[in-house]
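Number of protein chains: 2
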Amino acid sequence: MMTIVPDFGLIIDTHFIWLVRPIMSQVLLTLFQQAENVTGTLRERVCNTLRKAIHGGTLSAGQRLPSSRVLAADLSVSRVTAEAAYSQLEAEGYLQRRVGQGTYVAIQISKPAAIRKSSGQLRLSQRGLAIVQTGGCRDPQQPLPFAAGSPDLRAFPLKLWQQLTAQRLRLQGEKLLRYGDPQGYLPLREAIAGYVGQTRGVNCDAEQVIVLTSSQQALQLIATLLIDNGDAVWVEEPGYNGARNAFTSAGAKLVPVTVDEHGLRPDDSLPTPRLVYLTPSHQYPTGVALSLERRLALLEQARRSHSWIIEDDYDSEFHYDGQPMPAVQGLDRHGTVLYVGTFSKALFPSLRLAYLIVPPALIAAFTTARSVYDGHCAQLAQAVTAEFMLQGHFAAHIRYMRQLYRSRRNWLLTELAQHLQHLVTPLHSDGGLQLGVWLPVGQEAELTRQAQQLGVVTPGLSALYQNANARRDGWLLGFSALTPREITLAVERLRRINAVAASRPA
Amino acid sequence: MMTIVPDFGLIIDTHFIWLVRPIMSQVLLTLFQQAENVTGTLRERVCNTLRKAIHGGTLSAGQRLPSSRVLAADLSVSRVTAEAAYSQLEAEGYLQRRVGQGTYVAIQISKPAAIRKSSGQLRLSQRGLAIVQTGGCRDPQQPLPFAAGSPDLRAFPLKLWQQLTAQRLRLQGEKLLRYGDPQGYLPLREAIAGYVGQTRGVNCDAEQVIVLTSSQQALQLIATLLIDNGDAVWVEEPGYNGARNAFTSAGAKLVPVTVDEHGLRPDDSLPTPRLVYLTPSHQYPTGVALSLERRLALLEQARRSHSWIIEDDYDSEFHYDGQPMPAVQGLDRHGTVLYVGTFSKALFPSLRLAYLIVPPALIAAFTTARSVYDGHCAQLAQAVTAEFMLQGHFAAHIRYMRQLYRSRRNWLLTELAQHLQHLVTPLHSDGGLQLGVWLPVGQEAELTRQAQQLGVVTPGLSALYQNANARRDGWLLGFSALTPREITLAVERLRRINAVAASRPA
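Residue numbers (my numbering), protein chains in the order written: chain A, 593 to 1098; chain B, 593 to 1098.
Where hints are given, some of them may not hold.
As the list claims (entries may be wrong) - Here are the simulated lysine to aspartate or glutamate pairs, EDC-like style, with alpha carbons at most 20 angstroms apart:
1. A:Lys-767 to B:Asp-731
2. B:Lys-767 to A:Asp-820
3. B:Lys-751 to A:Glu-766
4. B:Lys-845 to B:Glu-885
5. B:Lys-767 to A:Asp-731
To be clear, the hints were calculated from the coordinates, so they are not data collected in a lab.
Okay, chain A solo, but in the shape it has when bound (with noise of 0.2 angstroms):
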């Protein structure tokens, strides 16, 4: 702090302000002027500015400020206003003011300078480093071929889904604006149950589903729910990646059972599971459906060792030679199968409605778990789809989709068989968004390198194994949002790295 000596404080002062007043006056109004279109009262931006000064170093403690009525003249505001603005800062313990000697900076704040190096420091819980070993689900958010399963957005009616949205607003109005049912809004719960139970065999009420933002929101929320650190959690070999984030990141140990062509086979030396994770209808991303047998014999093991078993039934909706099983849960008699499902594949991604089915006991810590996690689901959203689901444009749109994708699926078999067969070799496609394939051995990170190289994403099968003695080589290709030429050109670009794969080693 400044010593003020009583008898030259003054006249130090004033000699001083002579001295600095020009450069402290440029200064505070290019910073007023900066903050020139900030919203707000004339006495908000002499504050912010002040502020500002005071934070950035530019002023420093002891330092003298000008009298008001020269601030005023300085920034070109109004006497009241500087005046006002010096007394909310005094409140605030910016300033500190004397009576007859004027007013003082009462604070130092060492300079901004300092922020970026030191903030350097990255102290995460055991649970956070978990979490950020995972690397996390990052989704594709261009649909280039042949990134993975990403729905056709340019067939959406979005023209219907306005006008609906409009006729929401206008028959709800603000009533959607609210904070809503944590469980999600009770017609949409009413028509995925009804939804699920026609086309599915889920057999459940409204009660029992959660309206949620993804199916990714879905397994952490089980994971978290019904983990306990150190848990045995079977997960499909290969299988999807999203859930295996979930598990781990609730500290889960992951047990890899091998995928066969009749789904998940496990073997007597597995531990007993907490959890069992399964894509019953097409397998991520095999293809391959859970054969009845199984999916039995599952749910006895999971009512003997009272455990748990997800059925993520991701994109059932798309299925196209004959129709796929019916859902495990509807086998159910035990209380033992959480279904889910989600709206990003049949509607749109960034939509963010995805649905849990829980048996009946699990309801009411779902609801509350979900209340402590993200409140609810916006209501908007949810009317819309769920008159979207009532005036049976749903079904029609699925029922579209289904004929549009599996006439690309045909499409782009076509094209692998007349131009990539001897790289590629397509496993189970009787339905989902994108084609799994195999590759030579050993040679899915030099292909995916060269494909890169000519435009093309070609996610790995490889990444997708839990165990790296059990890896295989292969692709997941994404086909539902390409049209038959897109498929052709990126099959085209394909075909130009097969001389130099062939060439090496297998």
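Keeping the supplied structure of chain A fixed, place chain B upon it in accordance with the hints.
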């Protein structure tokens, strides 16, 4: 399984069919008709009908089904359809077809009557139990007097919002339907960084902003990433229960710290915190502002002990007397403050948009964790909000609502002073959407009960204390969503409980 005697099998079965066919036909026809409004092909309907009959126990293992010709006649479908349905169900493992002998049910599923009874098991993880025990966070879904803290949605410019929504969809179309950036839509992050910099003195750029669904999600994410089991977390006493729930869910040891007229007042006896939770603008629920001196002391402590500070600036937009003090974050020189803001109060709760501003060192970790938790926020809502801010509507809306709420706060204070002075003593009321009042000692429960009988919701203050011994009786009266007339009516109702309350021992 039924044993088929080769020679007599046909006879027995034919006989059996003649006996049961009328019944089975009737049951299948009924199930089939129930499924009539199901979308999908006829074959799908036939499959669903038969699956339901098997799942429901109408058809049991070994039972012979009518021939496809008879089934076709019974259900009035073509023979091709009936044949295709049988084939599909055989592929799924439901049926077994024996050449020359007919079609049999291959599996037995126990009756669904057993579901509910045995589904009563609630086997939660330890963390799951802790979360459920918090009781969750339920925001008021109805703007009843005096349910706490909702904006007045009748004053929201819904028409303008709809216009901007339509405009965004027209201009950006399907891009806004895609998967979005886990960190948030860049133009919105830029708008937020500009806004909090100008109005709250927050020192950040768009890189540090993470767009989330709610401040609750921000608190949960912070708790998960930064708190280990048993870590001490300082919380304000009394304080916000949503934050406590988030910390408790993450395994924190809550340390209640008294709040006096200058805000949080730590004493030397407290354990060093891993994290300090602050509502410094208007402390929730007392309304006091944290003094500059204490802000600096808390920052210094955080620097020394490598701890974190959460600044929950939940309703700083609504400050009525003078300006709110700038954010603690703006004083931070060592990257210790995580700043939380929300659009739930400033725009509308069901928008589901809030923001977290983290020190540079934490950006990557928080973005990754966000992607594992629920992916990203709805892009359309983010784009519309960004546009609303950039066009200046946000600042105008805040100004308008601030005046509206100020007049309502004034009206509530007037009414309370005039009619309930003997019962309630208002706390600080410089800002915020609710007003805390003290009640006569020991009377909160009884007065709340009576208020409720009169149709007035009066959230209690005592529940906001962590330490039972520190509890003080009071109410937190949400006034922002109520017109002056609604305030008057509610106060009139509360007047009726005076006599009763006064006659009880204090």
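Verification of the supplied hints:
For the given pair, Lys-767 (chain A) sits about 14 angstroms from Asp-731 (chain B) by alpha-carbon distance, which is consistent with the 20 angstroms threshold. Taking the CA atoms of Lys-767 (chain B) and Asp-820 (chain A), the gap is about 40 angstroms. The hint is violated against a cut of 20 angstroms. At roughly 11 angstroms between alpha-carbon atoms, Lys-751 (chain B) and Glu-766 (chain A) fall within 20 angstroms of each other, so this suggested pair holds. In summary, the hint linking Lys-845 (chain B) to Glu-885 (chain B) is not supported, as the alpha carbons are separated by about 27 angstroms, beyond the 20 angstroms threshold.
Between Lys-767 (chain B) and Asp-731 (chain A) the CA atoms are separated by roughly 14 angstroms; this keeps the pair inside 20 angstroms, and the hint holds.
Hints 2 and 4, counting from the list given before, are not met by this structure.
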